[in-house]
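So the sequences go chain by chain: A and B. To get our numbering, take the position in the first sequence, counting from 1, and add 5. To get our numbering, take the position in the second sequence, counting from 1, and add 321.
Derived from the structure by calculation, the hints contain no laboratory data. Hints may be right or wrong, so weigh each one.
Said to hold, decoys possible - Now the in silico label distances, taken between C-beta atoms and shown as ranges:
hint : chain 1 : residue 1 : chain 2 : residue 2 : range
1    : A       : Glu286    : B       : Glu372    : 25 to 33 Å
2    : A       : Asn277    : B       : Gly467    : 38 to 46 Å
3    : B       : Thr400    : A       : Asn294    : 44 to 52 Å
4    : A       : Gln296    : B       : Thr400    : 46 to 54 Å
Nothing here was measured: the structure is a model prediction, and the numbers come from that model. Beta carbons: idealized from backbone N, C-alpha and C, even for Gly.
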Amino acid sequence: MKLFIKIVGIFYLLSFTSLYANDECQPQDLIINKSDLNNEIDQNTATDSSVFIYFDQSLSMQGYTKDQSGQKNLYINVIDDLQQIAENVGNKTYYHSFGKSILPIQENKISQVIKPIFYECTGSAQDCNNQESKIHLPFKMAEANPDGTYVIVTDLFLSSKQLVGGTLNQLTKPLKSILKKGKSVGIIGVMSSFNGTIFDIPKREGGTISYTEAQKRPFFIIVIGNQNEINRIKKNLEEQHFNDPEDQYKFSLITSTPIVQNLTENKLIDENSIRNISNAEKFKFEYLNDQLPLFQFNTDKKRKLNFTIDNKEIIVPGSTGVSGYDVKETLWVSQKLKCKEIDWRKSKFETISQWSQSNDSLSLDLFKEVSLKKLFRGMRYFYVADIYATKPGNLSEEIFEEWSIRDSEAEEFKESNPVEFKTLNLTKIIKILNSVANDEFEPTLIASIGLDFNLIK
Amino acid sequence: MKNIFQSIIYSLIGLSTIGWISVLLIIISVSDPGPDAFIVAFFDENIIASENYENLGFESFAEISTNFFTQLFFHMNLTLLLFTLSMTLIWSVASHYLNVDAPGKAKLYFIHWIIFTGAFVAILVGIIWYFTISSVYSTADLIGAGGHFWIFILSLIIYVLSYYVGVLVGTARHLRSSVLFANKLPGGF
Numbered sequence: 006m007k008l009f010i011k012i013v014g015i016f017y018l019l020s021f022t023s024l025y026a027n028d029e030c031q032p033q034d035l036i037i038n039k040s041d042l043n044n045e046i047d048q049n050t051a052t053d054s055s056v057f058i059y060f061d062q063s064l065s066m067q068g069y070t071k072d073q074s075g076q077k078n079l080y081i082n083v084i085d086d087l088q089q090i091a092e093n094v095g096n097k098t099y100y101h102s103f104g105k106s107i108l109p110i111q112e113n114k115i116s117q118v119i120k121p122i123f124y125e126c127t128g129s130a131q132d133c134n135n136q137e138s139k140i141h142l143p144f145k146m147a148e149a150n151p152d153g154t155y156v157i158v159t160d161l162f163l164s165s166k167q168l169v170g171g172t173l174n175q176l177t178k179p180l181k182s183i184l185k186k187g188k189s190v191g192i193i194g195v196m197s198s199f200n201g202t203i204f205d206i207p208k209r210e211g212g213t214i215s216y217t218e219a220q221k222r223p224f225f226i227i228v229i230g231n232q233n234e235i236n237r238i239k240k241n242l243e244e245q246h247f248n249d250p251e252d253q254y255k256f257s258l259i260t261s262t263p264i265v266q267n268l269t270e271n272k273l274i275d276e277n278s279i280r281n282i283s284n285a286e287k288f289k290f291e292y293l294n295d296q297l298p299l300f301q302f303n304t305d306k307k308r309k310l311n312f313t314i315d316n317k318e319i320i321v322p323g324s325t326g327v328s329g330y331d332v333k334e335t336l337w338v339s340q341k342l343k344c345k346e347i348d349w350r351k352s353k354f355e356t357i358s359q360w361s362q363s364n365d366s367l368s369l370d371l372f373k374e375v376s377l378k379k380l381f382r383g384m385r386y387f388y389v390a391d392i393y394a395t396k397p398g399n400l401s402e403e404i405f406e407e408w409s410i411r412d413s414e415a416e417e418f419k420e421s422n423p424v425e426f427k428t429l430n431l432t433k434i435i436k437i438l439n440s441v442a443n444d445e446f447e448p449t450l451i452a453s454i455g456l457d458f459n460l461i462k
Numbered sequence: 322m323k324n325i326f327q328s329i330i331y332s333l334i335g336l337s338t339i340g341w342i343s344v345l346l347i348i349i350s351v352s353d354p355g356p357d358a359f360i361v362a363f364f365d366e367n368i369i370a371s372e373n374y375e376n377l378g379f380e381s382f383a384e385i386s387t388n389f390f391t392q393l394f395f396h397m398n399l400t401l402l403l404f405t406l407s408m409t410l411i412w413s414v415a416s417h418y419l420n421v422d423a424p425g426k427a428k429l430y431f432i433h434w435i436i437f438t439g440a441f442v443a444i445l446v447g448i449i450w451y452f453t454i455s456s457v458y459s460t461a462d463l464i465g466a467g468g469h470f471w472i473f474i475l476s477l478i479i480y481v482l483s484y485y486v487g488v489l490v491g492t493a494r495h496l497r498s499s500v501l502f503a504n505k506l507p508g509g510f
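For reference, chain A alone in the conformation it holds in the complex (with noise of 0.2 Å):
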């Protein structure tokens, strides 16, 4: 009798199991997807990482240290100050200088880097530092130490020869693996005072000439580490040092994950993502197990689903933006209307809705390619949208057109005689640098969201 009320018991408790799975309404082949990104993002603590700072000894950066009456020296200003700053985002700062080699640079003699000192060399032109800027060796000792942070303070003069073959390999090869352990690149291009040689211009026949009539000259910062410690360096260079509105300055991120998060884990979908829903028959929003954000509601054919995204919530500033999106979809029918007896179905449809995009945002029209239209009234329908960037941007390679020449045009542009020079290939370094980014651009999960919905008349 004992053994006959426990089967009974367990057949009892068994019984609720299985009800409170048939009061779920959600098909169960549904599955949540998630991001692969780190949505925690901690921007106020140092981290215990070193901080490796390096500065471009050749000649033609020796222009920005002399003062000029009338011209504002952001580069004496910055530099003095660069120290502070990177003692707020390591642990330990180390500074060289880079050249032909790298060099460290004494404690005593780190307050020199804004004197025309450092940039000068009794020696041999063999023998000297200032006679080349290898821009890759920095990026070389930040792929052999990940951990750090590394700022290269340069005026990124390279010449086309510098961007081509194996000169070029030398600088994406270190880049590529930086950019693949997750580390990001800020280069930071601040217009400043410059009082000096410029050397190196390519002529269009050939050889290089020089210029001195040049006033302002851009200056750049560029960072290697976390993007939270690239833009806390960022902020602080904003905070201490632009704050004149007449101050130019410039900001590119290259990253390969232009993406700040994943909007519905950061639970930032709320009822007004979808315009208007929320005067729908039946409205219910609520985050399904925590996880999905689901908008519940009833209506007819006529209705506009529209999803919209602010790029500021999903894009990394600075960076190159995202320039192409993929959307996976399914929808679900059930006949029955009520959760005890639903009984879903999984569509054919594979394309359902279409995102477009502008400047300031992304929409996705819900039900554009797939009509509500065409869809049977008197039914339950639950559809989940996976939104992922696929194709990263090219917008910072736009930031910094202003200030680029190309090498065919710098003669012409020299015999201008310019009071504000522009860099050399400028743009074209960006281009490289954000193409072997875009090489390491993993598709990116940014939202999902669900709509269980009955289409009445």
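Got chain A sorted already, so can you dock chain B onto it with the hints?
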């Protein structure tokens, strides 16, 4: 009065020569024909847009045919039958009250008949439209573009023919000249 009752009986008999199809359709649809029925297969092949339900994951129309037959098709045929029956009987009865007081007057009533019949057909079309095209019945979404054509044609054939045969034999004898071909009926009928 005796003639009127006779007309009603003749009308019902005439109506039933074709109208039995409608009764059969009503009985089949209200009792849900089931997945193996001929009518379900016929509708699947000719009336229903198979692409739409296949895309939604249904393998055949039979899986979703219940609501279509027990609601839309049943209600539509019942409405059409009752309407056809009413119009047939109205004409058959009214024909006895149309006064023929001069030679050829009965032929003039042809205009009345044709207007009455035209109104009947127009309302018939309206009823079919209401059930199959308007948004009143959700299962109407299943019908494809070609399906609408077939439903209209088949329904019109069944109900217009039923009506015609009903009024052909049910019209008062003195008014037979006003109904198309009714004067060809044998004199004793």
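Each hint tested on the structure:
no.	hint	result
1	Glu286/A - Glu372/B: 25 to 33 Å	29 Å, holds
2	Asn277/A - Gly467/B: 38 to 46 Å	43 Å, holds
3	Thr400/B - Asn294/A: 44 to 52 Å	47 Å, holds
4	Gln296/A - Thr400/B: 46 to 54 Å	49 Å, holds
Consistency with the previously given hints is maintained throughout, with no hint failing.
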